[in-house]
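Each protein sequence line maps, in turn, to chains A and B. If you use numbering that gives the first Met the number 0, the first sequence corresponds to residues 0 to 609, in order. If you use numbering that gives the first Met the number 0, the second sequence corresponds to residues 0 to 346, in order.
In case anyone wonders, no lab produced these hints; they're calculated from the structure. Note that the structure is a prediction, hence the values are computed from the model and not measured. A portion of the hints provided could be inaccurate.
To be verified - Derived pair list, reagent style SDA-like, types lysine to any residue, alpha-carbon separation capped at 20 Å:
1. A:Lys251 - B:Lys310
2. A:Lys255 - B:Gly315
3. B:Lys310 - B:Arg120
4. B:Lys239 - B:Glu259
5. B:Lys51 - A:Leu7
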Amino acid sequence: MTKEVQILEDVTIRFAGDSGDGMQLTGSQFTNTSALAGNDISTLPDYPAEIRAPIGTTYGVSGFQLHFSSNEVFTPGDHPDVLVAMNPAALKVNLKDLKKGGTIICNANAFDLKNLKLANYDTNPLEDGSLEGYELIQAPLTKLTIAALEGTDLSNKEVARCKNFFALGLMYWLFSKPIEPTLDWIKLKFKKNEAIQNANKEALLAGYSYGDNTELFTTKYQVEAAKLEKGFYRNVSGNEATALGFVAASVKSGLKLFLGSYPITPASDILHELSKHKNFGIKTFQAEDEIAGVCSAIGAAYSGALALTTTSGPGLALKTEALGLAVMTELPLVIVNVQRGGPSTGLPTKTEQADLMQAIYGRNGECPIPVVAASTPSDCFYMAMEACRIALKYMTPVLLLTDGYLANGSEPWKVPHENELPEIPTKFRTEVEGFAPYSRDENLARPWAIPGTPGLEHRIGGLEKANINGNVCYEPANHDFMIKLRAEKVRNIRNDIPDLEINGEDEGDLLVLGWGGTYGAITAAINKARKNGLKVSHAHFKHLFPFPKNTEDVLKKFKKILVVEINLGQLAKIVKSEFVIDVLQLNKVQGLPFKSSDIEAKIIEILGGK
Amino acid sequence: MAEVLNVNVKDGIKLTPKDFGSTQDVRWCPGCGDYAVLSQIQKVFPELGIPKENFVWVSGIGCSSRFPYYMSTYGFHSIHGRAAAIATGVKANRPDLSVWVATGDGDLLSIGGNHFIHACRKNVDLKVLLFNNQIYGLTKGQYSPTSEKGKVTKSSPYGSVDYPFNPASLAIGAEATFIARTLDRDIKHMQQMIQRAAAHKGIAFVEVYQNCVIFNDGAFEPLTDKETKADNVLVLEHNKPMVFGKNDDKGIRLNGLNPEVVSLTDGKYSIGDLWVHDEFDKNPARAMILASFQELEGFPTPIGVFRQISKSTLDGDIAEQVENITVKKGKGDLEKLLFSGNTWEVE
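Take the sequences, apply the hints, and build the full model.
Written out as structure tokens, the structure is:
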């Protein structure tokens with residue numbers, strides 16, 4: 000059957016099912032295939048904290064949204080065009096986000112009485128008319144998968160589990176994607192179990208040809224390759240990019256990497272990734288707790304490693320005291336906080352930006368630590384390198400903030416060549432003559448004199464240090480001096496970081512100010528608003544402490560400033576007090592990234608609608 | 000061996016204990032047991048065959064944790080309870096260093112308990128010296144996790160209601176590979192224990208019963224007083240029967256799993272009936288029985304090496320894994336890593 004092929008610019012799909020249905024896998028396969036086919040993409044995995052919540056319930060629903068386009072993409076999409084719902088619960092949870100008139104592809108076999116009841120449906124939505132206005136495609140995915148795999152030695156349960164590959168095959172057909180990348184992946188992934196390998200392969204192929212043969216679809220779609228900058232690309236998630244950035248920093252500084260870390264969602268993937276690359280001389284240490292994670296890293300830094308610890312909000316809280324020690328002992332250390340919903344255990348698998356205050360101020364005493372933040376998944380690579388550069392140059396701990404959305408989301412990344420990356424010069428002190436542990440270079444950094452160096456034996460610790468010689472010192476004037484010296488050292492970093500950039504006019508009616516993972520949503524909103532003739536610009540902080548030195552000049556040139564954050568206004572509060580200006584705020588703390596339409600609506604509200 | 004002995008030679012002169020002392024004034028109370036430990040460490044260190052610059056002392060918080068300041072080696076006075084975790088990072092990153100932890104009963108067994116048991120479990124090659132004075136000194140006299148139940152202190156005016164930890168049994172239970180105990184007043188014995196700990200590959204835990212003259216004076220007097228010492232202390236020696244008492248007139252017999260104090264003069268038992276100490280016993284059960292003596296009425300307190308076993312270390316295994324993977328996969332190539340996985344070209 001030949002079907003009409005319609006060209007689209009832009010599609011957002013959400014795959015949704017039980018947390019055991021393999022939706023994350025299905026989504027990431029579709030993502031990689033789309034990326035390889037040249038689309039620009041952005042993804043939003045959204046999964047519950049429970050590994051296997053009771054089957055069929057709404058709280059066990061796992062989703063994966065991806066936005067692919069022939070244009071530049073900034074967000075995972077506000078509203079999906081297509082919802083693939085593997086059961087009633089997935090439909091119930093996700094329907095509200097679907098675009099008006101959007102397409103629902105559901106597994107009709109899963110809409111039995113039991114599952115409807117589990118999802119709290121009184122009547123079957125496929126039959127009661129409640130889905131009117133949507134394009135509803137009911138495909139018996141379970142039955143079709145079983146039929147396709149007839150004659151295999153697998154159990155019924157194992158056969159049924161292949162239905163996500165059937166669904167993926169069908170989606171590949173619907174959006175004219177090649178199936179080869181996934182076939183290759185299946186071969187590699189299940190190389191130890193040939194029966195499962197073949198079953199998944201057959202299910203994928205069957206799904207694809209079902210699209211061709213069924214009368215449910217009259218049209219298939221195609222999204223052409225995006226016109227991206229020339230070069231080699233790969234798809235990268237934020238956590239992966241963070242890990243790669245650290246490997247690069249290790250190579251570029253000539254220092255061995257040491258990661259002390261305790262597993263925590265959503266930061267663990269950085270530990271997983273780095274522990275794969277031991278042939279770079281990388282040592283990873285899975286510590287007994289968060290405190291041991293940072294403390295082992297401090298020990299490694301003291302003894303000459305490029306030392307890291309990775310965590311999320313609650314873990315950062317536990318590391319707090321040790322960070323003070325790193326500040327007092329002036330050792331280079333990078334702490335990654337992949338922010339998640341808080342407070343307390345909060346929303347472990349969801350995103351948030353509510354640890355900014357904790358990062359900048361959350362320690363006892365006057366305890367300045369430079370704070371940087373990544374804006375996109377691939378930017379995590381560069382900000383990881385930047386955090387290492389600052390830590391080593393200024394002998395200071397540095398906090399790198401990412402978030403759950405950046406960490407798990409992915410995008411095509413134009414891969415840099417090794418020789419395009421900056422060197423990170425570092426030097427251990429070896430010269431005995433004139434050595435003093437708390438003497439300073441031109442950056443106010445103290446010398447890094449590591450154990451094993453003859454003649455430089457010295458003692459450091461958490462007690463206040465005398466200027467220059469570093470002995471324990473309770474002298475009032477010395478404490479005052481050292482407090483100010485540590486503050487000045489960190490403040491001076493503002494002269495060594497890029498200026499705050501402005502997207503749009505550098506003066507005007509409204510500046511939207513953001514930081515971290517809201518970059519994509521703000522950019523998309525700004526671009527749209529400006530297309531509609533609104534005078535609005537965007538500035539996005541990557542360095543949050545200290546701020547770039549041109550910050551005040553940038554802010555002064557706008558009549559109004561709107562600070563957009565996934566918290567109750569933490570950056571807003573800092574900007575207000577730092578620059579004594581008033582700002583407007585847009586705050587939404589739902590554990591989800593902003594929709595660009597939310598931001599656009601706020602811009603229109605401020606500037607007057609067009 | 001000759002080259003090893005020459006390591007601590009500077010300008011042709013062999014280093015002495017004095018060379019390991021720092022310029023800082025020692026600020027422990029006069030009469031504190033910590034002085035004895037410091038001087039024995041300074042005595043033993045020049046003899047260990049380790050270059051001075053390769054020693055690192057890490058400590059937490061408490062009186063004993065000031066220790067690194069009084070040594071002229073590399074030293075890190077950190078935060079409360081975390082010495083073992085920081086030392087683990089030092090050693091894991093740099094297996095070439097000789098890493099020592101100075102810690103107290105509050106620091107190691109209360110706030111730092113978790114790091115301690117995991118350092119034992121992982122067999123990190125650290126030398127941990129526990130200065131056990133059974134009291135909180137630096138915070139001025141509260142009961143500690145090794146204080147006896149019922150102890151009257153500032154925070155327990157009606158007697159403490161806590162049962163104490165037994166540090167030796169805790170270390171044995173956590174699979175430490177070297178467990179020893181010594182006394183601040185028995186400097187010869189302490190020297191031996193320090194030497195043995197230094198020679199051990201893996202975590203070496205040495206509990207030093209240390210007198211706090213201010214807040215818990217005399218806590219170990221029955222073990223150190225000339226008159227009572229022999230009847231209260233059992234000196235453990237490998238392959239030797241467990242004999243103690245003023246005239247070597249008493250011994251320990253093992254009746255199944257039950258230890259018994261027996262007289263060697265009443266004609267019932269002779270030396271051949273006694274428990275013979277085996278430091279290298281693969282089974283931890285007997286070491287655990289030894290550790291339990293302090294809870295048994297009428298039993299002497301053992302000092303010496305309770306147990307020493309040999310297994311690979313965390314720091315050694317990490318380094319070996321890095322080496323093996325590097326041989327197997329080839330030295331890491333950043334360019335290759337960046338371009339690995341599925342890449343595509345946009346022209």
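* Structure-inconsistent hints, enumerated in ascending order -> 1, 5
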